Amino acid sequence: MGELRKKAQGLAAKPWFRMPRQPMLRHLSYAAVAVVFLYFLTQKLSAFNDYEVGEIAFYVVALAGLTLLTGVNGQISLGHGGFMAVGGFTLALLVEHTKWNVVPELAIAIVTSALVGALIGIPATRLRGPYLAGMTLMVALGLPYLTNQYDSFFGGDQGLTTPQPIGPASINPEQWLAWIQLACALIVLILLGNLLRSRFGRSFRAVRDDEIAASLAGIHVARTKVIAFMVSAGCAGLAGALLALSAGGVNSAEFPLSISIYLLAGMVIGGTGSLMGVWWGAILIVYLPTSWAPSLANHFHVNSQVSANLAVIIFGLVLVVGMLVAPGGIQGALRWVAVRVGAYFSPDGVPNMKLSLQEAPTDRAVHDSESVTQADKPGV
Amino acid sequence: MKRFSLHSARRRARLYATGVVACAVVGTMALTASGPANAASVSTPGVTATSISLGATEPLTGVAANYNDIAPAMKAVFAWANAHGGVNGRQINLTIDDDQYTPSITATMTHQLVLQNNIFADVGSLGTPTQLQVQPYLNGLKVPQLFILSGCNCWSSSKYPYSSGLQTPYTVDGKILGSYVAKNFSGEKVGYFTQDDEFGFDAIKGLNMEIKGSSVVSKQTYVASTAAYVAGLQSQVAALQASGAKVVVLAAIPPFVGLFATTAATLGYTPQLVIDGVAGDPSAIGAPAALTTPAPNGQALLNGAITEAGGAFEDQTSNPWVRVATKLLTKYDSEVAKNGITGDELTGFNLGYLVYQALKAAGKNLTRQGLLNAIAADGKNFANSGFVPYSYSSTVHFGFEGEQLYKMSATATPITLPTGTFMGVTPVGPVYYTSPGAGPVKVWHSAQDKVPASLSSTA
Numbered sequence: 003m004g005e006l007r008k009k010a011q012g013l014a015a016k017p018w019f020r021m022p023r024q025p026m027l028r029h030l031s032y033a034a035v036a037v038v039f040l041y042f043l044t045q046k047l048s049a050f051n052d053y054e055v056g057e058i059a060f061y062v063v064a065l066a067g068l069t070l071l072t073g074v075n076g077q078i079s080l081g082h083g084g085f086m087a088v089g090g091f092t093l094a095l096l097v098e099h100t101k102w103n104v105v106p107e108l109a110i111a112i113v114t115s116a117l118v119g120a121l122i123g124i125p126a127t128r129l130r131g132p133y134l135a136g137m138t139l140m141v142a143l144g145l146p147y148l149t150n151q152y153d154s155f156f157g158g159d160q161g162l163t164t165p166q167p168i169g170p171a172s173i174n175p176e177q178w179l180a181w182i183q184l185a186c187a188l189i190v191l192i193l194l195g196n197l198l199r200s201r202f203g204r205s206f207r208a209v210r211d212d213e214i215a216a217s218l219a220g221i222h223v224a225r226t227k228v229i230a231f232m233v234s235a236g237c238a239g240l241a242g243a244l245l246a247l248s249a250g251g252v253n254s255a256e257f258p259l260s261i262s263i264y265l266l267a268g269m270v271i272g273g274t275g276s277l278m279g280v281w282w283g284a285i286l287i288v289y290l291p292t293s294w295a296p297s298l299a300n301h302f303h304v305n306s307q308v309s310a311n312l313a314v315i316i317f318g319l320v321l322v323v324g325m326l327v328a329p330g331g332i333q334g335a336l337r338w339v340a341v342r343v344g345a346y347f348s349p350d351g352v353p354n355m356k357l358s359l360q361e362a363p364t365d366r367a368v369h370d371s372e373s374v375t376q377a378d379k380p381g382v
Numbered sequence: 018m019k020r021f022s023l024h025s026a027r028r029r030a031r032l033y034a035t036g037v038v039a040c041a042v043v044g045t046m047a048l049t050a051s052g053p054a055n056a057a058s059v060s061t062p063g064v065t066a067t068s069i070s071l072g073a074t075e076p077l078t079g080v081a082a083n084y085n086d087i088a089p090a091m092k093a094v095f096a097w098a099n100a101h102g103g104v105n106g107r108q109i110n111l112t113i114d115d116d117q118y119t120p121s122i123t124a125t126m127t128h129q130l131v132l133q134n135n136i137f138a139d140v141g142s143l144g145t146p147t148q149l150q151v152q153p154y155l156n157g158l159k160v161p162q163l164f165i166l167s168g169c170n171c172w173s174s175s176k177y178p179y180s181s182g183l184q185t186p187y188t189v190d191g192k193i194l195g196s197y198v199a200k201n202f203s204g205e206k207v208g209y210f211t212q213d214d215e216f217g218f219d220a221i222k223g224l225n226m227e228i229k230g231s232s233v234v235s236k237q238t239y240v241a242s243t244a245a246y247v248a249g250l251q252s253q254v255a256a257l258q259a260s261g262a263k264v265v266v267l268a269a270i271p272p273f274v275g276l277f278a279t280t281a282a283t284l285g286y287t288p289q290l291v292i293d294g295v296a297g298d299p300s301a302i303g304a305p306a307a308l309t310t311p312a313p314n315g316q317a318l319l320n321g322a323i324t325e326a327g328g329a330f331e332d333q334t335s336n337p338w339v340r341v342a343t344k345l346l347t348k349y350d351s352e353v354a355k356n357g358i359t360g361d362e363l364t365g366f367n368l369g370y371l372v373y374q375a376l377k378a379a380g381k382n383l384t385r386q387g388l389l390n391a392i393a394a395d396g397k398n399f400a401n402s403g404f405v406p407y408s409y410s411s412t413v414h415f416g417f418e419g420e421q422l423y424k425m426s427a428t429a430t431p432i433t434l435p436t437g438t439f440m441g442v443t444p445v446g447p448v449y450y451t452s453p454g455a456g457p458v459k460v461w462h463s464a465q466d467k468v469p470a471s472l473s474s475t476a
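Protein sequence lines correspond, in order, to chains A and B.
Residue numbers for the first sequence follow our numbering, beginning at 3 and rising by one.
Residue numbers for the second sequence follow our numbering, beginning at 18 and rising by one.
Chain A with its partners taken away, still in its complex shape (with noise of 0.2 Å):
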């Protein structure tokens, strides 16, 4: 054990592999690990494991969206199922009315959710806690609920037709399906990662932590968080067009409460504010409801009313639980191994924060300071 400590200590000292340091090439790198892991992965798997791969990823989309707004600017929706909304029959009205490529259609999905979200978040500027819970709850309650009051525009509850898309007939429908759905995931989680490391994601942050600080140091609060709101709403629209191309169509009943709830507790169990613990909320919010929670329900001989809400007392007390064993979510706790384990392996005994996938401020702070110590040096 000695031995291999001291090597890995060895290793450790003089890594032979670094991450480039600008983030976007640091987040393109790791996108380009992921793109051959899931080529690999969906491969492998049966069409309908593709299927859920493709669930999985366009709940990254929400889920991304929705760390930013709530973990990274501290703005809490419970209306991104309607903002999903927006997305799905914006992508829907496209399809029924032009002939365009689906990838227009999504980026118009984003534009329109978007603007609706500029729309809700100029007033949500003013509210706070739970005062801006309690609207946001209204765009989840109301915006699918207006489709119904114009059943000829938007096709009553039979709802609208959103074709599969049908890639090169070597692939099979699902597999292409959840290959248009990672690559939106894979860009979304680039883009916002960029955004995060940029003024944008740190006018967040300061706005999230001192509202009055963050004016004072010449941020306009406002603008930010009405930003914030738009970002998030759009990925929230992707991801909504996203679920109309796996659904095969949409309709008001396809954006139930529940949906923007699921969507809330799975960043929390993720992990707040980090867009790498998206994808365990959104393998929970795929596979809890449908999969685990009736297998645990069909084990336990448990009764039919108890069993279908299975999933959502599940959530709940893996939130409760959650929240007082690791408040970071799985992917903070996760950090927390990581850590641990780099400095048992470090030369120092001390944790190597490069190793240890540090959350963004100390991370940020230490790049930031170097920037500018750089920049203050003459010469350059």
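Keep in mind that the hints were calculated from the coordinates and are not lab data.
Among the clues, some could well be false.
Taking lysine-lysine pairs in the PhoX-like style, the calculated list, with each CA pair at most 25 Å apart, reads [said to hold, decoys possible]:
| # | chain 1 | residue 1 | chain 2 | residue 2 |
| --- | --- | --- | --- | --- |
| 1 | B | 263 | B | 236 |
| 2 | B | 206 | B | 176 |
| 3 | B | 236 | B | 424 |
| 4 | B | 176 | B | 200 |
| 5 | A | 101 | B | 159 |
| 6 | B | 176 | A | 101 |
Listing some non-contacts, in silico: residues in chain B with all C-beta distances to chain A over 10 Å [to be verified]:
| # | residue |
| --- | --- |
| 7 | 67 |
| 8 | 112 |
| 9 | 122 |
| 10 | 126 |
| 11 | 249 |
| 12 | 270 |
Computed Cβ-Cβ distance ranges for the label pairs, DEER-style [claimed, not checked]:
| # | chain 1 | residue 1 | chain 2 | residue 2 | range |
| --- | --- | --- | --- | --- | --- |
| 13 | A | 99 | B | 203 | 40 to 50 Å |
| 14 | B | 340 | A | 143 | 43 to 53 Å |
| 15 | B | 394 | A | 99 | 35 to 45 Å |
Since we're looking at a predicted model, the values are computed, not measured.
The beta-carbon is built from N, C-alpha and C at its ideal position, and this holds for glycine as well.
Got chain A; can you put chain B on it based on the hints?
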């Protein structure tokens, strides 16, 4: 020197980025090229020389779990068929998945049935919102979505030719009740009490075709949720009472019909009730304990209420269909063997026998299109336990389009419930039939289908 090093760092970064992207692209392309090409299968999905696999999504748990006894009864009919040589030499395997009456879960479960269980057809799945969710998907893949347990008008549309319903459309329900009201209560003020969704909308569509608009004095609605049930119906009932409506037509689910009756009794409001077939079974209305408790209760108001049903009630043991269903299900459905037959199980029996006849008519060389063609050509002739023949044709994808009117009556043979006995029903007038579109309500003169000898001799 510094300047240069920074410059070169940037160049290195750009090179690195290009490298990463290039590797990813080349890698993906190479792997795609070597990936296994999916061999197109020539045979029909879900059909082998010895078996047919079918699937259904049902609310086995959750808010609509009271319907969870339908699919097992359908499965029992398949067990009977399999024990007698299957259909055209093939055994029927039915996979029942629980969708909890939640559309998003229906979507996942239906994908699982199609992609993983490789089903030949989706049969007898339950619910309007749930089946609407998967209608485009199943039709897109040309997977038959047959005999949906819902009376939505949406199952018979040229846009989705692979779908068909089984229940009497709510608009037909409305037309038949409307024509009765127009004939028997002409000149009376009429009020509506309907569910605030497509069920209520479709029913009103039918009622308005028959009842003069000027005689309708109040239209009240409710939302089908636990919260609304707990909140009560005082304001709706009071509004109907204030409007002076002497006849109230209810297009509501059984618990809300019961609640309406008790609320009206409490407020001293005693209109003639006319109840849509969805709540046509008094045993379903009587199930909540509130109705069987002493006055003021809704029993007195329900006594004499007009309702409708597409077939015999499970307690009409002299009916040959009820007899054969009870016999067969007692043998193949453990729930029926234990607790006796329910109305839902009678529906499940009829559904299972319908699927069996359709598969049989499609012949030895079974294809999805062949099955649809067989239903379009022969569907009208399939034997069923209802009072009218099926309406299936190449253009009509509704099952039943007729109803027998009944009067709920305290003097008829009561129905026994866990909460006590509840009133029975007596038939009123002939069987009526009509289509959901324009067109008159007509009398159906022929008798109920005979139970086929092949069924009665083997059940």
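Any hints this thing doesn't respect? Which numbers, in order? The structure breaks hints 2, 4, 9, 10; every other hint is satisfied.
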